[in-house]
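Participant: Under the numbering used here, the letters of the sequence shown match residues 14 to 346, in that order.
Don't take every hint at face value.
Only pairs whose alpha carbons sit at most 25 Å apart, straight line, appear in this in silico DMTMM-like list of lysine to aspartate or glutamate [said to hold, decoys possible]:
| no. | residue 1 | residue 2 |
| --- | --- | --- |
| 1 | K27 | E90 |
| 2 | K51 | E97 |
| 3 | K254 | D292 |
If you're looking for bench data, these hints aren't it; they were derived computationally from the structure.
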Amino acid sequence: MNSRLDLGRPTAGKRRLKDLLLKKDNRCCADCGAPDPKWASANIGVFLCLKCCGVHRGLGTHISKVLSVTLDEWSEEDIDAMVEVGGNAAANAIYEAFISEGCSKPGPNAGHDDRARFIRSKYELQEFLKPSLRILSMPAPKTSLQPSFSKKLMNSFRSSYSSKKTEHMEGMVEFIGVLKVKVINGTNLAIRDMLSSDPYVVLNLGQQTVQTSVVRSNLNPVWNEELMLSVPENYGPVKLKVFDYDTFSADDIMGEAEIDIQSLITSAMAYGDPGMFGDMQIGKWLKSNDNALLEDSIINIVDGTVRQPMQLKLQNVESGELELELEWMPLDQ
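Please put together the full structure from these sequences, using the hints given.
Facilitator: Listed below in structure tokens is the structure:
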């Protein structure tokens, strides 16, 4: 069983992560050197600024599993992976060991294209690794748990294992912010097994896919899980699907919906820094026959953040509703 850690409580895991963050080399972003990083790639083992975090999300979780140091819950496995790597200096000694003279590392004020080009070369293409350490990226598995990518490299170093260089993936994408989606619960979901289902939720935006854990044998599951998606400059709706997990066959669909995030982002940008305002309503996504809303979804500033709770009726299925809350975080915060 994967135990979760609430970083708001003084747990041993939280103390280990904070102690690691306090090391001198971890007080700056591993990729651009920006001070006071608030994000981390748990499976690579580095601390990151928000701008580099956006590029890491575009790599996919099979390469970089990004978590907020202060906002997210961390599993014991994720903290163990970070501690085992040792932080930015140890990881960069691997990933930047053979950096070429013609490739300059971006600074804190670097543009997105230069930042993305360097990060993809460093982690996705593994161009700065010792050639014998380059390994193939694993395809994204069903589960949300990802092994430590840097641990794989260190194991490869110890065993002198070598493999092919990974192929180039998608092109550069300009990101404007991060969308946090809290999947709260489901109600009266469809039966796909004998008497129940094993539901989980999948979100897709562009080339990014994230998912919740599986709740076993429950048609009214409670997740309370926060998923994050980087939002590109030319964004579309977030596509949501609910599946029934099956061990020996393809997972069955349990409904879907589209989430229009334009109202949220437009309202947030119109008000600028939400920390300058008290709690107030700033926008609304209206229920209509063309969307999955059960009722109008109100956009609010709450405690200095822009949030949008919503109730969705799943489409193309006999029954099922989901409760979500969105939160918008622009890259300039």
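Participant: Now tell me, hint by hint, if it's right for this structure.
Facilitator: Evaluation of the provided hints:
1. For a cut-off of 25 Å, the pair hint linking K27 to E90 stands: about 13 Å separates their Cα positions.
2. Restraint check for K51 and E97: satisfied, since their Cα atoms lie roughly 19 Å apart, inside the 25 Å limit.
3. In summary, the hint linking K254 to D292 is not supported, as the alpha carbons are separated by about 32 Å, beyond the 25 Å threshold.
In this structure, only the earlier hint numbered 3 is contradicted, and the remaining ones agree with it.
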